[in-house]
Amino acid sequence: MKWSWLNNRFTITFGTILVLVVIWNVYISFHDHGLIEGRVVGPNGAPVAGATVTLSEQTLLVNQERGKTTTDLHGRFKFTGHHMHRPYLHAEKEGVGQFGPQQYPLYFQGEDLILKRPLKLTAQAS
Amino acid sequence: MARRRPYKRGHWPVHLTLALISALMLVPFYWVLKTSLTGENIFAYPPSLLPHDANPFYFVDVWYAIPFLRYLVNSVVVSVMVVVANVFLNAMAGYALTRDFPGKGATIMLFLSCMMIPFQVTIIPAYLITAKLHLLNSYVGMALPLMSTIICIFIFKAAFEAIPHSLVEAARIDGVPDWQIMFRLIMPLTKPAIATNVILSFIWSWNSFLWPLVVVRDVNMQTLPLGLSRFLSVVEDTTGALYAFCVMVLVPGLLIFLLAQKEFIKGLTSGATKG
Chain A
43 MKWSWLNNRF
53 TITFGTILVL
63 VVIWNVYISF
73 HDHGLIEGRV
83 VGPNGAPVAG
93 ATVTLSEQTL
103 LVNQERGKTT
113 TDLHGRFKFT
123 GHHMHRPYLH
133 AEKEGVGQFG
143 PQQYPLYFQG
153 EDLILKRPLK
163 LTAQAS
Chain B
482 MARRRPYKRG
492 HWPVHLTLAL
502 ISALMLVPFY
512 WVLKTSLTGE
522 NIFAYPPSLL
532 PHDANPFYFV
542 DVWYAIPFLR
552 YLVNSVVVSV
562 MVVVANVFLN
572 AMAGYALTRD
582 FPGKGATIML
592 FLSCMMIPFQ
602 VTIIPAYLIT
612 AKLHLLNSYV
622 GMALPLMSTI
632 ICIFIFKAAF
642 EAIPHSLVEA
652 ARIDGVPDWQ
662 IMFRLIMPLT
672 KPAIATNVIL
682 SFIWSWNSFL
692 WPLVVVRDVN
702 MQTLPLGLSR
712 FLSVVEDTTG
722 ALYAFCVMVL
732 VPGLLIFLLA
742 QKEFIKGLTS
752 GATKG
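Here the protein sequences line up with chains A and B, keeping their order. The first sequence begins at 43 in my numbering and counts up one residue at a time. The second sequence begins at 482 in my numbering and counts up one residue at a time.
Here chain B stands alone, though its shape is the one from the complex (with noise of 0.2 Å):
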């Protein structure tokens, strides 16, 4: 069992001013969430800071108004899809930048210099391949410009050359294959960067607007965030139901982030301290 370090008494001033730094970063979640339960004008002048009469009953119109559910199911779907073909595809990519073959310089100076692209640039071709493959409209369709991203490749290369080389030539001696060593062998050494792949990969597909909003034509087949500008563009004089929805969608994500947030950040910083 790993001991507690000591208490040091001089560190206080730090650790005041960053739980107050964190306080005041959470301002703005809180804010939301009092509109939500209480429906106040954000405008009001002076802002009452606890909540007065908080009720969960514009949770309740925003279920009730909007297919919820449907939304909800559409954003699950597709936010799974992306997570499973993020952690397979991006471990595959990330095991094959560990080896050595020809040109992998220039793979991994390709892989860069595509970060620098704004995806914004790439919607067109990408609609066009999409409508190509008959997948406008659909799950696949939605996800498919996520499914692989190159940051989580290289968070996949940097926790693999964590991993002693020796180990996996063990393996090799051994007569293993590449695929066995990959997913029986190194995968399960590598959890926090899967937990961040997960992670990462869940919020930008949960959070995904511009791709669904190009590829969607079916209302059924909308996700949380074009629900959400739907509802907006709909319903008018509606304060209290639009933070209340705002919620709804943000807390899935969050929630996610809470439960694998230990994992997410050595998944971060497991390449940092290599050597």
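So that you can see chain A by itself, here it is in the shape it has in the complex (with noise of 0.2 Å):
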């Protein structure tokens, strides 16, 4: 049989092995932008405009700052080209309360996260 090679017990698992490989990349491919949105909320759930969120890159090897912004009117915030895979967050302001750090592990480098939960800025103990 010409093709008889194929219905092999190695063909099929390195085959598919070699399959789930491609299938991976190419979704790697269209979602490594590196992006990571989120909103800022205040222990209310109001969006805190003006505060400052911080990402910040911890993995075996390095513990380093990553980027540093301040959140709109509607309590959002965007960083973009990240080349993380343990991005880690922390948000603050003065007066109302800080959040994080916290991590957010991701399964790829440059991973895009969209936060579906806001972080919840939480008032500080004094």
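Just so you know, not all the hints are guaranteed correct.
Pairs of lysine-lysine residues, derived as DSS-like cross-links and limited to a Cα-Cα distance of at most 30 Å, are as follows [unchecked claim]:
#	chain 1	residue 1	chain 2	residue 2
1	B	Lys515	A	Lys158
2	A	Lys44	B	Lys672
3	B	Lys672	B	Lys747
4	B	Lys747	B	Lys585
5	A	Lys44	A	Lys110
6	A	Lys162	A	Lys120
7	A	Lys44	B	Lys743
8	B	Lys747	A	Lys44
Footprint (simulated), chain A over chain B, 3 or more residues, beta carbon under 8 Å [said to hold, decoys possible]:
#	region
9	542–553
10	605–618
Don't read these hints as lab results, they were simulated from the structure. Please read all numbers here as calculations on a predicted model, not as lab measurements. Don't be surprised by glycine CBs; every beta carbon is placed ideally from N, CA and C.
Put the two chains together into one complex, using the hints given.
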């Protein structure tokens, strides 16, 4: 049979692995813009404008701040072009409170991250 | 089609015991996998049997912390060279040992006695020879000592001896040269022996640590076991990542074994039933 070699456990196993690797890499290529988007809200759930959001990287080898931004009038913030797989986000606003730092582990470097849950500032204990 | 033997009910205690022993032997593998997914402290007491909050992020950490792909490619290149050389050279040596020639007994005795010499004893001469051949820090240099192994030669010898002698004689009468007898007649009939050679040589090469450590100087030429050792020395307090790395090193060998286990067992037992 011409195609009988395809019906072989070695071909099936390694072929499946190859197909999965290709699919995974195609998925990565469409989702690795390095985008991090989210919102910052206060203890009452209202958007906080002018809060400082800090993006830092903590891996097995690195512990470094990678960016800083402030939220707009709707409490939204955005980072672009990151190349991390373990970003940490920290948000704070004087007189309102702070959030984090909290890690957001990603499946690959530069994965787009749209935060579904806002960063909720809580009042600091004095 | 082979008929399945009827299951004897009286055998269940034996099967239950064997199942329990098998499960017990798999516990370390399970523990490594569980720790790689949870990062739990292995010394935690009481130990939790089921993983809590399992996630694949330690694997992601390892993937980016070290040049894993480079190590993997190095290991694969060396292992493929070792496997191909083993099948080819061991088959030739095994075939030679099935033929009568002066000093055959002494050759077999020499092979058997060489099996008793541990590799650590020969490592300095092996290193000096590799250096003289200018093969240090190269794939060939790493593969060289494993390119032929005595155990695998004897596996081929046993498999070749199990083939009816009349078959070889008939081919010889027809004027078929020895190399064609071996590669076109005998080798296709000894697939289990080939599979055993492939698996054994692959696993030995894949797990080889001491020899690559001695001959490799460049970080980019390191194989996975060397990468694991380097990972341990560079990164501390990384239980989850360390175990994830162990799983990543283990999986290819395990996969090859599981795929070829039927032939592997056949190859190991083919000589045992002869006569």
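Cross-check of the supplied hints:
For a cut-off of 30 Å, the pair hint linking Lys515/B to Lys158/A stands: about 29 Å separates their Cα positions. About 21 Å separates the Cα atoms of Lys44/A and Lys672/B, which keeps this hinted pair within 30 Å; it holds. Of the supplied pair hints, the one linking Lys672/B and Lys747/B holds, its CA atoms being roughly 9 Å apart against a limit of 30 Å. Pair hint Lys747/B plus Lys585/B holds up; C-alpha atoms about 27 Å apart against a cutoff of 30 Å.
Taken as a hint, the Lys44/A and Lys110/A pair is broken in the structure, with Cα atoms around 61 Å apart against an allowance of 30 Å. For the hint linking Lys162/A to Lys120/A, the alpha-carbon distance of about 16 Å falls within 30 Å, and the restraint holds. Distance hint between Lys44/A and Lys743/B is fulfilled; the C-alpha atoms sit about 25 Å from each other, no more than 30 Å. Simply put, Lys747/B and Lys44/A have alpha-carbon atoms about 28 Å apart, close enough for the 30 Å limit, and the pair holds.
Evaluation of the coverage hint for the region 542–553 of chain B: fulfilled, as 3 residues show C-beta separations to chain A shorter than 8 Å, against a requirement of three. Counting residues of the region 605–618 of chain B whose CB lies closer than 8 Å to any CB of chain A gives 0, so the stated coverage by that chain is violated, three being the minimum.
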